[in-house]
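Letter by letter, the chains look like this.
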Amino acid sequence: MKLAWSTATRALLSTACLLTACADADRVIGDPGIASMRRLTESEYRHTVADIFGQEIEIRGRFEPDVREHGLNALGTANLTITPSGFEQYYAIAASVTSQAFDEARAASALGCSPPADGAFDANCATRVLERYGRRLLRRPLDDAELATYLKLAGETVDTFGDFAYGMRQALAVMMTSPDFLFRIERAERHPDDPRAIRLDAYSKATRLAFLLWNTTPDDALLSAAESGVLHTEAGLREQLERLTTSPRLSDGVRALFRDILQLDQFSNVTKDASLYPKFSQVVASSAQEETLRTIVHHLLTQDGDYRELFTTNETFIDRSLAAVYRTRYRFDEEWSRYTFPDSEERAGIVSQISFLTLHSHPGESSPTKRGVAINEIFRCEETPDPPANVDFSIIQDTENPELTTRRKRLLAHSEDPSCAGCHKKLDPLGLPLDRFDALGQHRRLEGSEPIDVSLELEGVGYEGATGLGSALANDPQVSHCFVDHVYGYATGSWAETGDQEMIEEVYSSFSERGHRLRALLSALITHPDFFRPNVPAPASRGETTASLTSNREPLENPK
Amino acid sequence: MKQKFTRRSVLRGALMGTSITVGIPVLDAFLGRSGVAFADGTPIPIRFATYFWGLGLTPGRWVPKTLGADYDTMPELASLESLKSKVSVFSGFRVLLDGRPNYQHWTGQGAVMTGNAPTINRKFDGTSFDTLIADRIGTGVRFRSIEFTPFGKASLSYSTRGNSNFNPAETTPLSLYQRIFGDGFQDPNSPTWTPDPAIILRKSALSAVSEQRRALMREVGSEDRQRLDQYFSSVRETEEQLAVLLERPAPAQACVVPKPVTEENIAKKSTTVLANNKLMSRLIAMALACNQTRVVNGVFTGATSEMYLPGDSKIYHLHTHDEAVDEKLGYQPNSARLAEASIQGFADFLHELELVREGDGTLLDRMIVLGYSDTGYAKIHSTDNIPLFLAGGAGGRHRGGMHVTSSGDPVTRVALTAANLAGAPLGSWGRGSMETANVVGEVIA
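Quick mapping for you: the protein sequence lines, in order, are chains R and Z. Mapping to my numbering: the first sequence position 470 is 470, numbers consecutive. Mapping to my numbering: the second sequence position 396 is 1396, numbers consecutive.
To be clear, the hints were calculated from the coordinates, so they are not data collected in a lab. It is possible that part of the hints are untrue.
Per label pair, the in silico range of CB-to-CB distance [what the hints assert, rightly or not]:
id	chain 1	residue 1	chain 2	residue 2	range
1	R	G422	Z	L1329	29 to 35 Å
2	R	E104	Z	P1195	54 to 60 Å
3	Z	D1098	R	D159	28 to 34 Å
4	R	S281	Z	T1194	44 to 50 Å
C-beta atoms are modelled at their ideal positions from N, C-alpha and C, and glycine is treated no differently.
Work out the full structure: start from the sequences and follow the hints.
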């Protein structure tokens, strides 16, 4: 239902619009309406289907590629649309999903009502099916117009084919290609207590929570909390937060968060030269990702550990295929088992695991520079500019130089070049300490006949190898800040750099005061009074104040 | 008011291993005597393709020393030798930056495809010109365009209708086969045809989606409006596609439906990339011959190509930067070998089009293909002298076998020429100092 609003308000908001240069939008900044649209990621889609139609449903087809912006696919989703071939694929996937969900074996229970046996169309039963699935698929109840559209389509299908379940399959497949399913659409509504303010509507809030914490569509309890409006109250929000963060399903959300931050989707593009790395296979590639995610979930959720210790821990999980790469015997019956790296392996934290080392190497050789760039971007939120156009690499490529006999020596000599020094001074101390791990993450001590030197100095402090690097990262406040930025961006779809600095700072303070615990971070973020503030179109240039921001701020429902 | 502050001031077996048998004489009856039109007088349309490879070619090894017709074959163009009379070479064309940065391995292809140097890295400013051509010549067939890459990554595509939304590429011979010849494919030469009721249904289902357009557009701000618009044009395109499937397809004389392919290993070793490229090119040739699409965009490797030679641990991109220029040879030897492999990919693509006989010529004779790369010299990321080729007869309009050189004209001139030859003249093309209405007349017959 759209609320009428006064001419005075419109005039006020139009002024705000002028101040922030909001082009030709019909919808004025601060208006109710669509506040943001984020295309579902493949992972969100898969979890949603599994939740609604069952774990056993197979998803066959190709998804539109995600695009990473400022380090996160979650930020790219806010700029993506559906291409023609993507639309074709989404329909094929949806049709395959619904045909499995309503096949002969499953139809009766999936429908939940009994249509006439003669194949006639039963509008009551159809309405119930569409409303039930529609609420989960669209993350809100169907409106009357939508229901009428899908009923008509289902009716035509049943009339043509004399098969009720087929009609439902069709209607739901089409629903799964509609913008309201393929995009997470957040809508703003006028605040009932303050006509100058808008807020996310309750279903948008439920959706944000569900995807952030469980990486899936909201469940019935969340949707009910939205429907009753209780989600708008502080107590109601805290109750849902408690329920969602104490559930084992929180690990789905945390895995998705870290898959995105660690860019693990890039693994689909990793190949290794088989003649040099015969142990590399798709099995190793997928186990390596699983190792890192298990380490993270175990440390951050099961142990409720300090985020910074992810860079120092020598505890991990391995399976048989990883044991071969780590050159240890696998003596266990289970598929996965806990494993502590011996000191001789010189490993510390997730950057010394196979997944990171493999992903940030070339097909045939390791790369201190790639690893340095990756650490700086992924864990320190610093993007590295392109190297100068005409770099003189003659030092690096000259393997005959009697003085510069190792990668390290050549790289450091190259970094003396003034045009390269700016970046390499930052990157080399991050990448070179990992040089005792090859392009598959296998430990090595020698390069040719020379021992690999992994001692470094950063801002006057010396450190050595992966363990030294791990401690340096753990103690670097920028690393914890960066994590907060990533969680903020992942949750809201807004880049931290242009986002709500005040909120990010406050959340960071809570996070650091409470021992860098992930649950503390999530709780501080979600209960922050500005967390559900609708996204505002970016102002003309950064640093300008946005006149409409104050009117967008949602008043506290239950101020203490 | 809220003060903003920042703390940061601080098949194998594919097609069953055989080459496609081309030409079915009995179907020639469908063609008029000239072989360039169907019996009912409808001309066989010109088809258009772009084909990209990363990291350019080697200075001194590809630009012919002679100008005009029958240019001399340079070492890196050896694989194109047998098609030389159908391939024009363009040297000396460049990207004019108009004050924008040279985004390494991005600006070049952006400028060739969209007519200006991109403002933002990893994004294109506007639509790519293949989509404009597709809107003109690519309607009335099942796919407005098909994108493919043998390099395994769906995001390797430079075809876009705006922003960061690139039309995703098919990445394996199997996925390409299924897209073209899987569900929804109707053999144009099948003796029987009945409309599929499921398609009629699907078409009415799509209108259920289209109906939501008005309501959504009312609620959306300007930024998201463009994205929703693109979504709904994708819906419309699908509706058109279904409309095509509800009409009996016109017979296609050169169409021979390929046998199903099996999944191929995707790897970045040059020999594997080339093998997959060949399989995919063969499928693309049949997609064109079977009237499934009229516009194709191929990407052999990404612009920072990770392709490597068998037995060599270094990838192509690294070689272009790390490898010394051999003093005797005058160039980077491994980089040059990888450049040869890249142009081989382009040549293989063209050869597959040439193998399909259509009327009194070949499929390639009725195509125009723009071959291009991102840089004129990868070692220094130069956007001068970007390698550009036009291949195919364009139905007699293209005078192939020419070498045209320029002293720094914008690459947009070649793109404009390609569009004209494809039968989709753009009038003028490009923006800023790259804007041009000046086609390369030397290659117009």
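Each hint, compared with the structure:
For the pair R/G422 and Z/L1329, the beta carbons lie near 34 Å from each other, so the given range of 29 to 35 Å is met. With their beta carbons about 27 Å apart, R/E104 and Z/P1195 fall outside the hinted range of 54 to 60 Å. Between Z/D1098 and R/D159 the beta carbon distance is about 60 Å. The supplied range of 28 to 34 Å is therefore violated. For R/S281 and Z/T1194, the Cβ-Cβ distance of about 47 Å falls inside the hinted range of 44 to 50 Å, so the restraint holds.
In summary, the numbered hints that this structure violates are 2 and 3.
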